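Novice: Spelled out from the first residue to the last, the chains are:
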Amino acid sequence: MLEGINRKYDISGIIASLVVLAFSGLLIYLLYTQIPYGQDKMLVSKDYIKMGVNSTGATNLVTSVVLSFRGLDTLGEVTVLFASAMAVGLFLLPGAGMWQREENFVLRVASRFLPYLIILIGIYIVSQGHVSPGGGFQGGVVISSGLLLKLILKREKESGFGGLVHALESLMGAGFVALALVGLVKYGSFLYSFGPKGVPGTLLSAGVLPVLYAFIGVKVASEFVAILERFTSSGEEDERA
Amino acid sequence: MNALDFYALSVFLIGLGLMGVFLNRDFVKILISLSVLESGVNLLIVSIGYVRGRIAPILFSKELQASAVGKVVDPVPQALVLTAIVIGLGLLAVGLGMAVWMHRRFGTTDVSELKDLAG
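From first to last, the protein sequence lines are chains X and G. Residue 1 is where the first sequence starts when you use this note's numbering, and the numbers rise one by one after that. Residue 242 is where the second sequence starts when you use this note's numbering, and the numbers rise one by one after that.
Heads up, a few of these hints could be off.
[Unchecked claim] Dumping the calculated EDC-like pairs for lysine to aspartate or glutamate here, alpha-carbon to alpha-carbon at most 20 Å:
| no. | chain 1 | residue 1 | chain 2 | residue 2 |
| --- | --- | --- | --- | --- |
| 1 | G | K303 | X | D47 |
| 2 | G | K270 | G | D351 |
| 3 | G | K270 | X | D10 |
| 4 | G | K312 | X | D40 |
| 5 | X | K50 | X | D40 |
| 6 | X | K41 | G | D246 |
| 7 | G | K312 | X | D47 |
| 8 | X | K197 | G | E304 |
| 9 | X | K50 | G | E304 |
| 10 | X | K197 | X | D47 |
| 11 | X | K46 | G | E304 |
| 12 | G | K270 | G | E354 |
Hints in this document: simulated from the structure, not taken from any laboratory. Here the structure is a predicted model, which means the values were calculated and not measured.
Based on the provided sequences and hints, a complete structural model is requested.
Specialist: Spelled out as structure tokens, the structure:
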């Protein structure tokens, strides 16, 4: 029986290699013939580049695309993230702590000040999203990595962030949609970039975009903390089997 | 970098990830392969938006803002990849949650051993 499985595995391996090789070859051929590398292929992007700073006030064009021109996509993305956090919750029901780490000296000393430094860096990254590289998604992940250090050190089995995390998650999502609807009602387009534009390149500029990115930052951070918490404190074997 | 490099590297990563997905039986390894595949696709999308000799789409000065077209690369693929990275992370989280559940329920993460699921 084992031989049969092995032979089948070998044949499927050869077939898979051939399929992947053929696919890669086709991809390479199409890329180099259809999409020349390093050349100007912009159509709609030209308009984004031309009017991006004037219409949104953000010097980071990627931010103006993410939050203003294609803001609806970002709303969908945040929804997918929310759905995945819920799906993780379905697979890992909360229960007795399963994955507790024993305190050692390095972890204990580091956890006294390192989380706050990491969270500070995260807030900085979130707040600079409209000026320079950064933004809510990146900074939110950094903030959640700081809180993770607190999570793995948790000694008792109490649920550390529990309710607060879920409240923040929902509030921030609602805030994002509310700001988008203000744009729709007052200025006639969903996710319209209103508010004082300020001087492009300064921290207090770009109207509503920094607020939106702050919402996204807190939402992403709380989403990830919820996921990580479910991984670190999910149920024991016997309750599900 | 050479013109060949980024396309070739991303196709290599895509092929590597596909091989991993096809040949691995362990669910965690399949997830790792999916991540490699996803990195390849993201790199491919960003490198399609690259234009030789241009800078990142951050218009930090007045002169640059006045004549930005023709000086910066395409911002749209970068914004889309930002979306794709987050979606990929959500996928990875759900997959790992599934792996933990699978290990708890069946005692293994080897998908070929999960005979109970058939039919």
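Novice: Against each hint, give a clear statement of whether it holds in the structure.
Specialist: How the hints compare with the structure:
As the CA atoms of K303 (chain G) and D47 (chain X) are separated by approximately 18 Å, the hinted pair is consistent with the 20 Å bound. Restraint check for K270 (chain G) and D351 (chain G): satisfied, since their Cα atoms lie roughly 10 Å apart, inside the 20 Å limit. Of the pairs offered as hints, the one joining K270 (chain G) and D10 (chain X) holds, with about 18 Å between alpha carbons and a cut-off of 20 Å not exceeded. Simply put, K312 (chain G) and D40 (chain X) have alpha-carbon atoms about 10 Å apart, close enough for the 20 Å limit, and the pair holds.
Restraint check for K50 (chain X) and D40 (chain X): the C-alpha separation of about 15 Å stays at or below 20 Å, so the hint holds. Simply put, K41 (chain X) and D246 (chain G) have alpha-carbon atoms about 19 Å apart, close enough for the 20 Å limit, and the pair holds. This hinted pair checks out: K312 (chain G) and D47 (chain X) have alpha carbons roughly 14 Å apart, not beyond 20 Å. Of the pairs offered as hints, the one joining K197 (chain X) and E304 (chain G) holds, with about 18 Å between alpha carbons and a cut-off of 20 Å not exceeded.
With a C-alpha separation of about 13 Å, the suggested pairing of K50 (chain X) with E304 (chain G) holds against the 20 Å cut-off. The hinted pair formed by K197 (chain X) and D47 (chain X) meets the criterion: a straight-line CA distance of about 19 Å does not exceed 20 Å. Under the criterion of a C-alpha separation no larger than 20 Å, the hint pairing K46 (chain X) with E304 (chain G) is consistent with the structure, at around 17 Å. Our distance criterion of 20 Å between C-alpha atoms is met by K270 (chain G) and E354 (chain G), whose separation comes to about 15 Å.
Checked against the numbered hints above, the structure breaks none of them.
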